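These are the residues of each chain, in order.
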Amino acid sequence: MTSSNVQFTPPPSPPSPTASFFDVSDEEEDEYNTIAHAAAKKGVRLLFSKSKVYVHPTPSAKDNIPGFIALVQQKPLPSSQNATSSSANASKPDLSSYLLAWVPESALGDAYDTYVKVDLSEDDSPPRQKYLVPALPETTTFKDPIGLYSFAVPLSQIYSLLVRPPSLGWWFGSLVINSRAGDSFPALFFHDSECQSTILQKRKRTRETFDPFDEDGSVFWGGDEVLRWLRKYVDVQRSTVDKTVYLINPSQEDQLSFGKPQLAESTRSQSPPAPRKREPAPHDAGMDPFMKAIKETRWKVLEQLSKITTFTRRTANEIADNPSIPPQVRRLIKTPEIQTLQEEFDSARIYLARWAMSISEQSERERNQRIWTARDALEMENSSVGDFEILDSEMGNMSLQERRKTVTLKEWQGFFHPHTGRLQLTVDEVKERIFHGGLDPNDGVRKEAWLFLLEVYPWDSTNDDRQALMNSRRDEYIRLKGAWWERMVEGDSTPEQQEWWKEQRNRIEKDVHRTDRTIPLFAGEDIPHPDPDSPFADVGTNVHLEQMKDMLLTYNEYNPDLGYVQGMSDLLAPIYAVMQDDAVAFWAFVSFMSRMERNFLRDQSGMRSQLLTLDHLVQLMDPQLYLHLQSADSTNFFFFFRMLLVWYKREFEWVDILRLWETLWTDYLTSNFHLFIALAILEKHRDVIMDHLKQFDEVLKYINELSNTMDLVPILTRAESLFHRFGRQVEAIDKKNNFPAPQAQQRKPAQSQGPDPNDKGKSPERPSGSSTSVSTPNASSSSRPGQGGKSDTKIIAPELRDLFRKDVFWNENDQSANPGSNSGSGS
Amino acid sequence: MASRKKVMLKVIILGDSGVGKTSLMNQYVNKKFSGSYKATIGADFLTKEVLVDDRLIWDTAGQERFQSLGVAFYRGADCCVLVYDVNNSKSFEALDSWRDEFLIQASPRDPESFPFVVIGNKIDMEESKRMISSKRAMTFCQSKGNIPYFETSAKEAVNVEQAFEVIARSALAQEEAEEYGGDYTDPINIHDTTERDGCAC
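Chains as they are written, first to last, in this note's numbering: chain G, 1133 to 1959; chain A, 546 to 746.
By construction, these hints were calculated from the structure, which means they are not laboratory data. Values in this document were obtained by computation on a predicted structure and should not be read as measured data. Incorrect hints may appear among the rest.
What follows is a set of in silico ranges between Cβ atoms, one per label pair, in the way DEER data are often shown [as the list claims (entries may be wrong)]: (1) G/Q1387 with A/A702: 32 to 40 angstroms; (2) G/T1650 with A/S642: 43 to 51 angstroms; (3) G/G1672 with A/S642: 46 to 54 angstroms; (4) A/N575 with G/G1553: 52 to 60 angstroms; (5) A/A702 with G/D1819: 36 to 44 angstroms; (6) A/N575 with G/G1672: 20 to 28 angstroms; (7) G/E1678 with A/M676: 45 to 53 angstroms; (8) G/S1666 with A/G690: 30 to 38 angstroms; (9) A/E706 with G/R1818: 49 to 57 angstroms.
Dumping the calculated DMTMM-like pairs for lysine to aspartate or glutamate here, alpha-carbon to alpha-carbon at most 20 angstroms [what the hints assert, rightly or not]: (10) A/K689 with A/E646; (11) A/K583 with G/E1785; (12) A/K583 with G/E1628; (13) A/K635 with G/E1628.
Backbone N, C-alpha and C fix where the C-beta goes; we use that ideal spot for every residue, glycine too.
If we strip away everything but chain G, and leave its shape as in the complex, we get (with noise of 0.2 angstroms):
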């Protein structure tokens, strides 16, 4: 959330001469009744204003704009020259000289003030002091939805207004502006917690009918007032089809097919400000109003409408002519606008599901936040929206608020005994707050804790161990990198192995220059390239580059079985980062690619195991969802290979990816959480994938384009709690099957080995069509127990039991005693 009233509020200035013309009462009425007098800095009359109401122009709440909805008046109407106080008694007012408005706080400049001033204003009618402000640009359609969003729409051109009060499920009520050209204005958010007026507005019903309810239950809101507004000059219905539907000076047909207006509500004024609906109910949380509110009404049309673009637009021009078909549609299907939209249809509903979902993400984070700092902030007592949250949240994640303090280098020194440096908690103590808490990232104690973590000291050594490690570390280091540099120099090899080792330099060279170069470490050209026949001699390169390039090639050496393999650079890069010290960077990578090295083999079996279990682990735990990836053949979960190859490196930024890696080398739950965050990730757009994605290229699509939109900390939340389920599900079908497990359950993992022809069998009932899977031809992934959805003997396939474990079983006998053995095996 930005502090918006710093950012964009002009200092409360003296009045300056523009700003004094804006604000007395005007005595040349007669010459701001039109947009070209406006332009000559003349005013329209702002009848009624309020602050912090907000675009939300992307999910992101940093580009959230904060501004003004306001009621201004262009021409003064005749019979209100002295009677300003009701305008109720103008019979046949000139609509099309109110406008309902939209304009960004940064927009106003002097009129800023008067802006606040009618916003405070106590009236329920326009203050009778006449506030100028100057005019703002009347639009009747709005087409520029990138450019500053302020828009002034007549009364007379406003065809109904969505409204989503607030809700539980979402923090801001919201409206929208339906033009009768069928255009939808940007969804405008009621910030009412940072707003004046509303709060004022608030507390004074609550001290008036020591409720802050209106009879049927809602809460008083920001929107309730614009509604009040234009009850004053226009008649508002509200449909009885669709209740978040407030039509504006209905005409016959359109309330026939929006169904009679409610009661007498279509007074025109004077009713006491009232909201009238009774709209958030608790189960309606969960989506954001404006997606709602598109997703009920226009997508709804819209898909019909999809339906049609199979026939000529000829048919569809019949259909639109066709009495049957409600008013609003044909309205709909004629207008441009539309006709482009749907042909976007495709594309554009799986753009706004995920846009949608964002923010509701960011609704809940925003929510979050407010927990702890409105707990004890007075306008809470007025919200029952605000009762709710903290029932929620206790019930949430507050006990782990405090686990989830990070641990510091103090609080790191402090788990080790001040002489001999030895631990003094038990590592399962120590894993437990890193796990949860993460380690601070300013203080230094990643460059120690990472060590640990890592395993290249032992958990039990001492201080004066892991001095004389480090010591032979180094040696060790140097060692390994004058042998291919004395390679490089003399090139005393065979000529194959020349080659093999050109390219992978030239590989290295290349991958480095593309590493994580937007990282201040890592972006500087400022020494030149020590090889003049390099192709990245003309931009030039940085020590830290070089010493990239040398710890991968000295990798490549350590383990030639393996080799460097594209993605090895994303992994050092932030160990390297963090270190700051070649050789200590090397050791760590080394650990780190013990555990890694499954991922890059050859044959992909490493690749295709950790698919094989994700893909058991979705049909335990979400057996819809996974039907539905079944029937769009993605079964093969490929659209999570990068993910898992480069441990999501390229899905969040960095400074979460040092965070999600210290989590994941906890191996505090199990060796293999990575696979929850990715269950994690999957649950939570598992209702865009099932409501929209049907083929495989799609969800690859959608699922690579959710890089760098994800937040880390809730996901790792939700990964967590998908561990203990999955604890409880295992738990639950071993007490059914009232045997322990299944004989299977010991065996180990196929490695490298490929395929293993010997699990054939164990699959009693693969779920129909999951043999289409062409995903694992050649691991050992032909088992494929059906916990599918049959309720019988369901057996947990031994890759979900390895699920449980938390050593680093899949190399047991890997390179880490001797160097490369076993790696490499498929080639």
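Place chain A on chain G using the hints.
Below, chain A alone, put in the same frame as chain G:
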């Protein structure tokens, strides 16, 4: 997707690591070049919407280690773009195996006529660095059934649009051919006409 009204063309870009696949894709789709793309691992892609169709361009990892992913990624491709770096003869020599790899993995209905396009990228580098002459590349392309050939600079946006125009046309023809099943329109026509456009360089 029975009711799909737009033609979605799936174009796969293959070639050695670092020849500029991602850059080409981004130059075509976003009209942008950045010196600092990340190495593609797995597959990545962008879509470009063009008047009549929608082009889905798949960018793939260049290291042979990731080729076994191909089956899922390549399936349903309408055209395959083979990219090499004109300053790197190895990347040129690898074209053949990329082509074979694709045909094996994607197993198109009629491998003989499946549309490929070859792009020699990075012609913005100084002439002295150039390893593969246009003539050599064209000879290769002719020998492989008249594959259209383009020389481009993704960096300086040279010839990229033109190359992808031909790629799209080939893909569209392929898509139509697939739709009509065995009832093939002769794709050679397209290749003939594009040959001239393509080899202006």
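Cross-check of the supplied hints:
G/Q1387 and A/A702 have their C-beta atoms about 57 angstroms apart, which leaves the hinted 32 to 40 angstroms range violated. At about 34 angstroms, the beta-carbon gap between G/T1650 and A/S642 misses the expected band of 43 to 51 angstroms. Judged by the Cβ atoms, the range 46 to 54 angstroms given for G/G1672 and A/S642 is violated: they are separated by roughly 34 angstroms. A hinted range of 52 to 60 angstroms holds for the C-beta pair A/N575 and G/G1553, which are about 53 angstroms apart.
One distance hint, 36 to 44 angstroms for the beta-carbon pair A/A702 and G/D1819, holds here, with the actual separation near 40 angstroms. In this structure, A/N575 and G/G1672 meet the distance hint of 20 to 28 angstroms, their C-beta atoms being roughly 26 angstroms apart. Checking the proposed 45 to 53 angstroms range against G/E1678 and A/M676 shows it is violated: the Cβ atoms sit about 26 angstroms from each other. One distance hint, 30 to 38 angstroms for the beta-carbon pair G/S1666 and A/G690, holds here, with the actual separation near 36 angstroms.
As the Cβ distance of A/E706 to G/R1818 is approximately 40 angstroms, the hint placing it in 49 to 57 angstroms is violated. Taking the CA atoms of A/K689 and A/E646, the gap is about 15 angstroms. The hint holds against a cut of 20 angstroms. Distance restraint check for A/K583 and G/E1785: the Cα-Cα separation of roughly 14 angstroms lies within the 20 angstroms cut-off, and the hinted pair is therefore satisfied. For the hint pairing A/K583 with G/E1628, the CA-to-CA distance comes to about 29 angstroms; that exceeds 20 angstroms, so the pair is violated.
Between A/K635 and G/E1628 the CA atoms are separated by roughly 15 angstroms; this keeps the pair inside 20 angstroms, and the hint holds.
Checked against the numbered hints given earlier, this structure breaks hints 1, 2, 3, 7, 9, 12; the rest are met.
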